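Undergrad: Chains Z and R are the protein sequences, given in the same order. For my numbering, count along the first sequence from 1 and bump the result up by 41. For my numbering, count along the second sequence from 1 and bump the result up by 189.
Simulated from the structure, these hints should not be mistaken for laboratory data. Do not rely on the hints blindly, as some may be mistaken.
[As the list claims (entries may be wrong)] Below, in silico cross-link-like pairs of lysine-lysine (DSBU-like), each with a Cα-Cα straight-line distance of 35 angstroms or less:
hint, chain 1, residue 1, chain 2, residue 2
1, Z, K58, Z, K104
2, Z, K145, R, K260
3, Z, K96, R, K203
4, R, K246, Z, K100
5, Z, K104, Z, K145
6, Z, K145, R, K198
7, R, K198, Z, K44
8, R, K246, Z, K98
9, R, K260, Z, K44
10, R, K203, Z, K98
11, R, K203, R, K246
12, Z, K96, Z, K58
13, R, K198, R, K246
14, Z, K58, Z, K44
15, Z, K100, Z, K145
16, Z, K96, R, K246
[What the hints assert, rightly or not] Calculated from the model, a selection of chain R residues having no Cβ within reach of chain Z, i.e. all distances over 10 angstroms:
hint, residue
17, V201
18, P250
19, T286
[To be verified] Where chain Z lies over chain R, by a calculated footprint (3+ residues, C-beta under 8 angstroms):
hint, stretch
20, 227–238
21, 292–303
Keep in mind it's a predicted model, so treat the numbers as computed, not measured. Glycine residues also receive a C-beta, built at the ideal position from the N, C-alpha and C atoms.
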Amino acid sequence: SQKIEQNSEALNIQEGKTATLTCNYTNYSPAYLQWYRQDPGRGPVFLLLIRENEKEKRKERLKVTFDTTLKQSLFHITASQPADSATYLCAPRGPGNTPLVFGKGTRLSVIA
Amino acid sequence: NAGVTQTPKFRVLKTGQSMTLLCAQDMNHEYMYWYRQDPGMGLRLIHYSVGEGTTAKGEVPDGYNVSRLKKQNFLLGLESAAPSQTSVYFCASSRGTSGMNEQFFGPGTRLTVL
Chain Z
42 SQKIEQNSEA LNIQEGKTAT LTCNYTNYSP AYLQWYRQDP GRGPVFLLLI RENEKEKRKE
102 RLKVTFDTTL KQSLFHITAS QPADSATYLC APRGPGNTPL VFGKGTRLSV IA
Chain R
190 NAGVTQTPKF RVLKTGQSMT LLCAQDMNHE YMYWYRQDPG MGLRLIHYSV GEGTTAKGEV
250 PDGYNVSRLK KQNFLLGLES AAPSQTSVYF CASSRGTSGM NEQFFGPGTR LTVL
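Isolated chain Z, as found in the complex:
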């Protein structure tokens, strides 16, 4: 069955640095991959979508890459701020035409 892995449960970085989060998937090739942000006690909020034929997608300080050969997506936040502290979820589309499959998330803490 498909497996989604986010590189670490928690990541601490200094304010102003670039945060890089990793999402690996196995046993299939999703056509789309989405990233969400979740704050404590709240539902996830959509950030970015990238298609399999797109290498990179940007939105303000966010950048997502999609490497179908490595079966990996990287999520970058440049010039990170304490307000970026949250859990970030990777969600590739499931096999066939099935719904998104969410990773367990990486909890990012940006330290001032």
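Got chain Z; can you put chain R on it based on the hints?
TA: The following block gives chain R in isolation, referenced to the frame of chain Z:
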């Protein structure tokens, strides 16, 4: 627009009791989903619906039933609650095929089964 709303926000049940969680969306979305989120397990799909009158099983459907009688509402039922169903439940909706459309999430329902 309210987006996706969930009722109730909190609930405590005793083992064996039943309850229904209500999800409503005002965005005219075709797709709706129920997830549960547990520490260390991430978001897991329970059931979903691709349109009014349709439902399908997700990753962890056992012990739950759903109904989508109206396009804007998606109900999640627990017929006989068990402590293993203690969790935070999230409802979500999307315009179309979930892979290429963002999902909009509700605020969640925190359920405790004693």
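Undergrad: Are the hints correct? Go through all of them and say.
TA: Checked hints:
{"no.": "1", "hint": "Z/K58 <-> Z/K104", "verdict": "holds, 14 angstroms"}
{"no.": "2", "hint": "Z/K145 <-> R/K260", "verdict": "holds, 30 angstroms"}
{"no.": "3", "hint": "Z/K96 <-> R/K203", "verdict": "violated, 50 angstroms"}
{"no.": "4", "hint": "R/K246 <-> Z/K100", "verdict": "holds, 34 angstroms"}
{"no.": "5", "hint": "Z/K104 <-> Z/K145", "verdict": "holds, 20 angstroms"}
{"no.": "6", "hint": "Z/K145 <-> R/K198", "verdict": "holds, 23 angstroms"}
{"no.": "7", "hint": "R/K198 <-> Z/K44", "verdict": "holds, 31 angstroms"}
{"no.": "8", "hint": "R/K246 <-> Z/K98", "verdict": "holds, 32 angstroms"}
{"no.": "9", "hint": "R/K260 <-> Z/K44", "verdict": "holds, 32 angstroms"}
{"no.": "10", "hint": "R/K203 <-> Z/K98", "verdict": "violated, 48 angstroms"}
{"no.": "11", "hint": "R/K203 <-> R/K246", "verdict": "holds, 26 angstroms"}
{"no.": "12", "hint": "Z/K96 <-> Z/K58", "verdict": "holds, 23 angstroms"}
{"no.": "13", "hint": "R/K198 <-> R/K246", "verdict": "holds, 24 angstroms"}
{"no.": "14", "hint": "Z/K58 <-> Z/K44", "verdict": "holds, 30 angstroms"}
{"no.": "15", "hint": "Z/K100 <-> Z/K145", "verdict": "holds, 23 angstroms"}
{"no.": "16", "hint": "Z/K96 <-> R/K246", "verdict": "holds, 32 angstroms"}
{"no.": "17", "hint": "V201", "verdict": "holds, 17 angstroms"}
{"no.": "18", "hint": "P250", "verdict": "holds, 13 angstroms"}
{"no.": "19", "hint": "T286", "verdict": "violated, 6 angstroms"}
{"no.": "20", "hint": "227–238", "verdict": "holds (count 7)"}
{"no.": "21", "hint": "292–303", "verdict": "holds (count 6)"}
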